[in-house]
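Novice: Keeping the supplied structure of chain S fixed, place chain D upon it in accordance with the hints.
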Amino acid sequence: MDILNSICSAVMTHYNSLDDSKKFNSGLYFCSAPQETTGDYVVFDYDGGSTDEYMGGADDAIQLADLRFSLFTTVDDGGFTLSEMIDKLTDSFDWRDIQIDGFVSIKFQRTGNGPVLCFDGIWQTTILYEVMFIKGDG
Amino acid sequence: MAFFHGKAALIKIGAVTIESTVSWSLDVTADTVDTTAMGDDWKKHETGFIDFSASVEGYAKTARATVAQLGVADSALVLYVDADSFFTADTAICTGITETANKDDTGKISYSFAGNDSSGLAYT
Numbered sequence: 000m001d002i003l004n005s006i007c008s009a010v011m012t013h014y015n016s017l018d019d020s021k022k023f024n025s026g027l028y029f030c031s032a033p034q035e036t037t038g039d040y041v042v043f044d045y046d047g048g049s050t051d052e053y054m055g056g057a058d059d060a061i062q063l064a065d066l067r068f069s070l071f072t073t074v075d076d077g078g079f080t081l082s083e084m085i086d087k088l089t090d091s092f093d094w095r096d097i098q099i100d101g102f103v104s105i106k107f108q109r110t111g112n113g114p115v116l117c118f119d120g121i122w123q124t125t126i127l128y129e130v131m132f133i134k135g136d137g
Numbered sequence: 000m001a002f003f004h005g006k007a008a009l010i011k012i013g014a015v016t017i018e019s020t021v022s023w024s025l026d027v028t029a030d031t032v033d034t035t036a037m038g039d040d041w042k043k044h045e046t047g048f049i050d051f052s053a054s055v056e057g058y059a060k061t062a063r064a065t066v067a068q069l070g071v072a073d074s075a076l077v078l079y080v081d082a083d084s085f086f087t088a089d090t091a092i093c094t095g096i097t098e099t100a101n102k103d104d105t106g107k108i109s110y111s112f113a114g115n116d117s118s119g120l121a122y123t
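These protein sequence lines map, in sequence, to chains S and D.
What the first sequence shows, in numbering that gives the first Met the number 0, is residues 0 to 137, in sequence order.
What the second sequence shows, in numbering that gives the first Met the number 0, is residues 0 to 123, in sequence order.
Looking at chain S on its own, in the form it has when it is part of the complex (with noise of 0.2 angstroms):
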């Protein structure tokens, strides 16, 4: 399984562990969400990643990767909810062992976040990541 596959896999595996008041109401998805999806959902995005090899084989290596997580939310209360989620996406994942078979995680960190904005009643907001893997099993 290639480490895009592996990251993205594992960070929906996470999410699904989660308990259920710890989750959006309208899901987690990576890359889209259904067209007509209303309530609190996340999408979220590799935003690309980078290889930090070290002696040994062709896949001895660090791995790191960005991910973007964009956050929505149909109930317009003047961003009360959109706040909400936040706090619940970054309670689940700044800095959790996220784990990946095959691979230890050294960092799963928050960079970044982007405006708050609202279109037609939608509230969203972006929250960047970056994470990173060692091959290895501890």
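Simulated from the structure, these hints should not be mistaken for lab results.
Hints may be right or wrong, so weigh each one.
What the hints assert, rightly or not - Below, simulated DSBU-like cross-link-like pairs (lysine-lysine); rule was C-alpha separation at most 30 angstroms, straight line: (1) D:Lys107 x D:Lys11; (2) D:Lys60 x D:Lys11; (3) S:Lys134 x D:Lys6; (4) S:Lys87 x D:Lys102.
Stated by the list, open to error - Which residues of chain S face chain D? A few of them, derived with a C-beta cut under 7 angstroms, are: (5) Leu27; (6) Tyr53; (7) Ile105.
Even for Gly, the Cβ is constructed at its ideal location relative to N, Cα and C.
Specialist: This is chain D only, laid out in the frame that chain S set:
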């Protein structure tokens, strides 16, 4: 004779490969004694003792018992250029370990070694 890339290089202490290393360096020196005498036009030198030292850098791991490796004198040191070519010293002393932690980066570790082998370095 061929060029090589360091990606395939490795370092072993005894039979154990040091994990996740990023570089090693080997420094071999020969002492010289100045034997220049009055009336000579050019300086003269006699060769003296030959010595080597080595250093290794890599990513640190939380589980590695690094301090226990300090001062161990009976370990073979093998510096691989690639899978088939390597320098071997039957004994080398680990003379120093520097381990660093940085809030913005992965942990790093470096080792330094001094040669302690009457037969010197062998290259295979």
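Novice: Evaluate each hint against the coordinates.
Specialist: How the hints compare with the structure:
1. D:Lys107 x D:Lys11: With Cα atoms ~18 angstroms apart, D:Lys107 and D:Lys11 stay inside 30 angstroms; holds.
2. D:Lys60 x D:Lys11: holds (16 angstroms)
3. S:Lys134 x D:Lys6: Within the cut-off at roughly 15 angstroms; holds.
4. S:Lys87 x D:Lys102: Distance of about 25 angstroms is within 30 angstroms: holds.
5. Leu27: violated (28 angstroms)
6. Tyr53: holds (5 angstroms)
7. Ile105: holds (6 angstroms)
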